[in-house]
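If you read the sequences in order, they're chains P and S.
In terms of the numbering used here, the first sequence opens at residue 89 and continues consecutively.
In terms of the numbering used here, the second sequence opens at residue 8 and continues consecutively.
By construction, these hints were calculated from the structure, which means they are not laboratory data.
Small disclaimer: the values here were computed from a predicted structure and weren't measured.
A virtual CB, placed ideally from N, CA and C, is assigned to each residue, including glycine.
Mixed in with the good hints there might be a few duds.
Ranges of calculated distance between the beta carbons of each label pair, as one might list FRET restraints [to be verified]:
#1 433/S / 326/P: 41 to 51 Å
#2 379/P / 681/S: 53 to 63 Å
#3 729/S / 145/P: 32 to 42 Å
#4 130/P / 70/S: 15 to 25 Å
#5 191/P / 120/S: 43 to 53 Å
#6 124/S / 241/P: 28 to 38 Å
#7 754/S / 190/P: 46 to 56 Å
#8 637/S / 191/P: 24 to 34 Å
#9 342/P / 662/S: 23 to 33 Å
#10 130/P / 424/S: 50 to 60 Å
#11 309/S / 311/P: 51 to 61 Å
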Amino acid sequence: MLRFDYLEARNLRQAISLLQRHGEDARLVAGSTDFLVRWRQGFWRPSCVVNIKGISSLRRITYSARNGLNLGALATVQAIELDPRIRRYYEALATGATSFAGVQVRNLATVGGNVCNASPAGDTLPALLAFDAQCNIAGPEGARTLPLTEFFRGPGRTALSTGEVLTGLKLPPPQPRTGSLYIKHSPRGAMDIATVGVASVLTLEDDGRTCKDARIALGAVGPVPFRASAAEAVLKGKEVTADLLAEAANEARNQATPIDDVRGSADYRKEMVEALTNRTLQYAFRMARGERLSFEEQRRLAVQTAF
Amino acid sequence: MADFQVLEQSHPRVDAWEKVTGQANYAGDVYLPGMLMCKILASTRSHARIISIDTSKATALPGVRAVITGYDFPQIRFGSGALKDRYIMARDIVYYIGEPVAAVAAEDEITAQEAIGLIEVEYEDLGAVVDPLTALRSGAPSVHPDLESYEGYGFTIEGGNICTLLDADRGDVDQAFMEADHVFEDTFRSQGINQGFLEPMACAANVEANGRLTIWASTQGPYQVRAQLASVLDMPLSNIKIIPMELGGGFGAKLRLAFEAFPALLSMRTGSPVKLINTREEVFTLNGPRHPVTNYIKTGVNNDGTIIAREAYTIFDVGAYLGAGPNSGIGHGLGAYNIPNFRLRSYGAYTNKVYVGSYRASGVADMTFAVESHMDIIAHKLGMDPLDFRLKNTIKEGDIAVNGSRVPGNGLEQTLAAIKERLGLPKELPDGHGVGIALCEWRSGTGPSTASISVNEDGTASLLTGSVDISGSDTSLASIAAEVMGISIGDIIVASRDTDLAPFTGPSGGSRIVYSQGKAVQMAAEDARDKLLALAADRLGVPQEALGCAGGRVYVHDNPPQGLTLGQLASASVNSRTGPIVGNASLSTLPYAPVFSAQAAEVEVDRATGQVKLTRYVQCQDVGVAINPMAVEGQLEGGAVQGIGRALTEDMLFDQETGAVRNPSFASYLMPLALDLPELETLMVRVPSEDGPFGARAVAEPPGFGPPAAIANAIYDAVGVRIRELPLSGERVLAALQGKISEDVAYIGDELDELKRAEGLVA
Ligand SMILES: Cc1cc2nc3c(=O)[nH]c(=O)nc-3n(C[C@H](O)[C@H](O)[C@H](O)COP(=O)(O)OP(=O)(O)OC[C@H]3O[C@@H](n4cnc5c(N)ncnc54)[C@H](O)[C@@H]3O)c2cc1C
């Protein structure tokens, strides 16, 4: 069916009941940037579309040193890119956002949509994973939370059941002596999907040399974006050296299970995982030691392009 | 430089206002009462016999007004050139995935789309061949088994899939290779490319009460579309009127008949106007792009760097039909160099892929990548500076070009000198950074050209030409007319045109409009001016030679206040003995006028990822005279951007089993965007051509030729690896850095031997 009914939900309760009522025939939309493409391609042909973009309470971004960062599901990617607190404390998320599509799409696309679309190449996902995001979910049965690591079930598949809505994401407060960076490898600087995306978050001990905590997440090299836990284990508790970072990068490469597609071969993607894990860790280390990289500099690093 | 009043000054486009405010009308903007929408059903098979097509369910869908298949058209094959190898819609056999099999006209687009889904086609698969090198081998499955019976077939070498061979020979090339101090061989491969125009193909058709057909088309060649449409519909050409609408880019893809015949026939069936707008996916899958090309080059050089022999073999994949020839590649196997002995061959091979189309002299871009990479390789192997090695061999005034013409004066050497100076060559760059150059050549395009200018009673002039503006050429044509007639460009009205109204002219392609059509405009304007002078001489009672024409007036040289305005003259002409003032011109071909462009790229290569970053791009072209410098710069920059995309990211991928296009979208076919590019530096030198309007040369084609080789050469300079295959992706560069790309230059050796044997060149 090419025709569908279009419904706008005024509040969360209404959204949930509409979704419940229409079940499998309904499709929730927020920014619709994925929806319209998939609809045109014929992958999604719902008979009813429920737009939640009008629910303003889901748009908020709040931050405090004690509670960390709360992203409403409808926060746009552009709002995340521009938020000074995110740029300051969650650099990899800001760089993920800035590497995303182009300004027009960033103004429409929501972080909730990026998460629920569950593309292995979603650009905000590696940083959200690396910052230990928790998902806030509301549904007919009430509210629940779930670590983002358990949210993705396969390309385009999530842990949400019928009638459930992702309402927001919660990121724990930033640790001192922490640096982070996301790098997206895509031949074109804007409006391109990641061939590989890597986010690394590195926290150092007071000595400024020993790795206290390391969290690395990989995009576009498996059915879902995921944490490279074996690579993280290589780093934890050890003094950071070039060799150690290289070893961790190599471990990340071993964890990647990419496929061949129009954007690159599996082999090349594995090479990229190693190169970009190493590079994100190097910069995260420098930033954790107090080096300040301007946002423009981070952006230049984050978007690996041909032009 | 001559003292110009209008030329050599930048003028905004005459159509800028309409375009910027969205008022310009494209074919998709045509709305007529009762208009139906057309959709196309595409083949899902690479090569198959059509057993049956059941359209009954589609026809029964409410809102559907007509369904047509290939059997509804006259059984007439047509072609882009002499060889007629193609039905407008599949009949009995489909030759590629994407080939139109049926079309629907319905009351709205969604209904038409739904009807398409209801058409049932039963196929019986025939063997498909996708790789052109395989297709060339004897014993390969035949794409067109009955090829020899096709009208216009004129080729007799063994090998069922060869549909065209172009050749050029001079001297004794085999002997020269034996005598040369060094012989170098390389094989290069360029990728499939899409023209990437913004406006998808679109057209509307309406059959008038008197049976005449009107087509609103998105086309570069209205007269070509008219002739081809008349042929496939088997109707008199004069029964068709083509109205070329504003064009949202074409780059060669819109030179010929596309799908205008579908809405045309549907309109004839229903009596209603019918419109078709392709989707982007259709642009990629059923409208001729460019296919991968393999170029093999062999060069004999003496110790002092003089080239004495060249052999070049092009294996050109034409897809299912010869939609455009490989011709542009062949003559360019020598590059911009004078080489006494050569053998050049260009083979076109059928495969079961979408048929090939034209794209801004794409064959030359492929060949330039090969020739200019090869030149660089030789220079390095001989230990010579790449620029000096080129200079030593450049073709010069008085030499005989590959096409047999004498080379006239030109600015080739100045372009190289300008690049050298701008970049400070030769120069050392830090590790990972490199600079590379490429020298490009093309000729100014000619072909039938006509123009008519009438002078209005208020002193303005109306210019009528049949050519479509794809590049700002209307503004340049108006400038030429204004310069001749001594009025301002704002006083020239460029008339909108159609094939009933305007005289026949060749298509807008091959860099021919300003050069050839501009010449016709110049001649027509001179004709009008001469008539104005004659009338003024008569009225003022002075000899014609005593008069000048400038500032909107005809005046007496010795006494400038004495004179008449063009408005006064035009008003007077209405009742004069000679009648209203109209200047006309008509011409066919102009002599050979080469165009040269030197280009240079600077890159930074990321050794960890192989990613190449273009940091600087400089080009210098001999433009003869810049009719409208702003427009010339636009052409140079636009061409370079297309070449940069070809060099670095653009890559049409075809499934190796089925020939289907794997990335039919701008999300996966990556063209550079405005924000991605470094500042482009465009320089011009001006050595006037002998025959172009005011000495102008063509400008549009060469800017796109240089980037692949210039960037490949810069990569070599930066990190010492040679990439012989486009695009120059991070993946390829990294593989080369890791030693995973073999330097095996003879990888088409077996195929070459077979081709040479067939021609009797070897035993
Ligand atoms: C031109 C273009 C370029 C793009 N470039 C990029 C890019 O560079 N990087 C990138 O990561 N993505 C890119 N995308 C994809 C897309 O923009 C993102 O995935 C975006 O974040 C989706 O958000 P949305 O609000 O538009 O989602 P929608 O299209 O509205 O929805 C997407 C999916 O998520 C579901 N959904 C949305 N919100 C919720 C919610 N709160 N609860 C439950 N389910 C929900 C919808 O039901 C739907 O299945 C691009 C898209 C386009 C069109």
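Here is what the structure says about each hint:
For residue 433/S paired with residue 326/P, a C-beta distance near 48 Å keeps the hint of 41 to 51 Å intact. For the hinted restraint 53 to 63 Å between residue 379/P and residue 681/S, the CB-CB distance of approximately 33 Å leaves it violated. At roughly 59 Å, the beta-carbon separation of residue 729/S and residue 145/P lies outside the given 32 to 42 Å, and the hint is violated. Take residue 130/P and residue 70/S: their Cβ atoms lie about 20 Å apart, and the range 15 to 25 Å holds.
Distance hint check: the CB atoms of residue 191/P and residue 120/S are about 32 Å apart, inconsistent with the given range 43 to 53 Å. Checking the proposed 28 to 38 Å range against residue 124/S and residue 241/P shows it holds: the Cβ atoms sit about 31 Å from each other. Judged by the Cβ atoms, the range 46 to 56 Å given for residue 754/S and residue 190/P is violated: they are separated by roughly 40 Å. At roughly 28 Å, the beta-carbon separation of residue 637/S and residue 191/P lies within the given 24 to 34 Å, and the hint holds.
Evaluation of the 23 to 33 Å hint for residue 342/P and residue 662/S yields a pass: the beta carbon distance comes to about 31 Å. Restraint check, residue 130/P to residue 424/S: a C-beta distance of roughly 57 Å satisfies the suggested window 50 to 60 Å. In this structure the hint that residue 309/S and residue 311/P lie 51 to 61 Å apart at CB holds, the actual value being about 60 Å.
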